[in-house]
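Number of protein chains: 2
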Amino acid sequence: MTMSRIQKRNRARIAEAALEVFSRNGFRGATLDAIAGEAGLSKPNLIYYYPSKETIYEELLTGLLSRWLEPLTALDPAGEPEAEILGYVSRKLDLSRQMPRESRLFANEILRGAPLIAPHLTGPLHRLVAEKAAVIEGWAAAGRIAPVDGRQLIMSIWALTQHYVDADVQVRAVTGMADPLAGAAAHLETLFRRTLRG
Amino acid sequence: MTMSRIQKRNRARIAEAALEVFSRNGFRGATLDAIAGEAGLSKPNLIYYYPSKETIYEELLTGLLSRWLEPLTALDPAGEPEAEILGYVSRKLDLSRQMPRESRLFANEILRGAPLIAPHLTGPLHRLVAEKAAVIEGWAAAGRIAPVDGRQLIMSIWALTQHYVDADVQVRAVTGMADPLAGAAAHLETLFRRTLRG
DNA sequence: TGACAAATTGACCGTATGGTCAAAAAGACG
DNA sequence: CGTCTTTTTGACCATACGGTCAATTTGTCA
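Those sequence lines, one after another, are chains S and F.
So for the first sequence, the numbering used here puts the first residue at 1; every next one is plus one.
So for the second sequence, the numbering used here puts the first residue at 199; every next one is plus one.
Just so you know, these hints were derived from the structure itself, not from any lab.
Mimicking DSBU-like on lysine-lysine, the simulated pairs with C-alpha atoms at most 30 Å apart in a straight line are: (1) K241/F to K53/S; (2) K206/F to K251/F; (3) K8/S to K43/S; (4) K43/S to K53/S; (5) K8/S to K53/S; (6) K251/F to K241/F; (7) K251/F to K43/S; (8) K241/F to K206/F; (9) K251/F to K53/S.
Here are the in silico distance ranges between beta carbons for each label pair: (10) T200/F to G37/S: 49 to 55 Å; (11) R5/S to G311/F: 33 to 39 Å; (12) Q98/S to S202/F: 53 to 59 Å; (13) E257/F to R193/S: 43 to 49 Å; (14) A276/F to G87/S: 39 to 45 Å; (15) D274/F to E80/S: 37 to 43 Å; (16) P115/S to M375/F: 19 to 25 Å; (17) R395/F to M177/S: 25 to 31 Å; (18) G40/S to D274/F: 55 to 61 Å; (19) T190/S to E257/F: 39 to 45 Å; (20) P119/S to S202/F: 48 to 54 Å; (21) P124/S to M375/F: 16 to 22 Å; (22) E58/S to D274/F: 48 to 54 Å.
Bear in mind the structure is a predicted one, so any value in this text is a computation, not a measurement.
By construction, the Cβ of each residue, glycine as well, lies at the ideal position given by its N, Cα and C atoms.
Produce the complete structure using the sequences and hints provided.
See the structure below:
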């Protein structure tokens, strides 16, 4: 079941094209023609590699999931609490900044009610968050940071870091800044630092 | 140009149906048939009231805009800074909670790059935010709250309050709570209180 | 009630879209 | 080169969708 040279090349092209098109137009707004065009293939050729539009979308999403959670996974229970959490915020913001298409892709999926990745949310993601939330609350119980609900804190971080990318137009329009992400980093650091110090 | 009894009733039905369908499926995912069905009208009858799908969507969005910004408008320069800002957070969260469809509708529009309300973002919204951000920064300069970027603070409030509604599925799955909004209020209050006290 | 306007609808149209299929072109390999 | 497999494509299909239109029904009001 080893992939041929051509298979490898075309599957990569398709993944890239699908990311582009799906993130820009959402699942329903994306068309096979658009993806095929972006990938430089004909529509039947596209369907030769993936049996359906949904399959392309699904494989794209699930393939990106683990990568998307890396920053949280890296939160180290043995580290210094404030540095760990602020480091997480910073890594998550960088990730969103560097992968805006992926960010939008997930935002879209979740806005739609996560029809495809719901199982993942209640399974692996739930467990990961529970684990890291426990770490954070352990720190809080030990008095190393101010008391805080770990799960809520993690979700705040998601909400804020993604907002700058997903609501890009709004952020830009309201701030009038060309690159609002710059100010964002500083703001989020003070916001969370103060939250952790109580 | 006064509206007949029937006009009034049907336009109201359509607005309600359109809100339901657009917020659940996004602009592209919504169909005239679905809206007509939800409103209890036939498709041609729907089009008798609104010339096109886009018109329905546009009127719906613009009609809701001012209402959506009420909480921020109500932020009082003469009030007590911390109470004003925390009050704003609370009002915004309540608004999202009580009008989840509207929240999703806007989230969707903005995720898509705000093709329709972009002018409003750079116009009235920009001005409103500038005004209120100045108020906040005035308070900060006077030492009544900790130093903070007003615009960034306002955007944080948007990002967080909307997240609980827009990413509802995710929040539910991750927390495992049936009504995550309850915990949200408490969390946001401590988060912003600490931010304002530095 | 009659006459005019407002409201409603079934049938229809053009286009877009997800997907199929048989046949042709390009690669792999002895 | 010749044979077999993989890849590619033009033509095609069924369905969904936004929207039109002529004709009918319903409401208004003198």
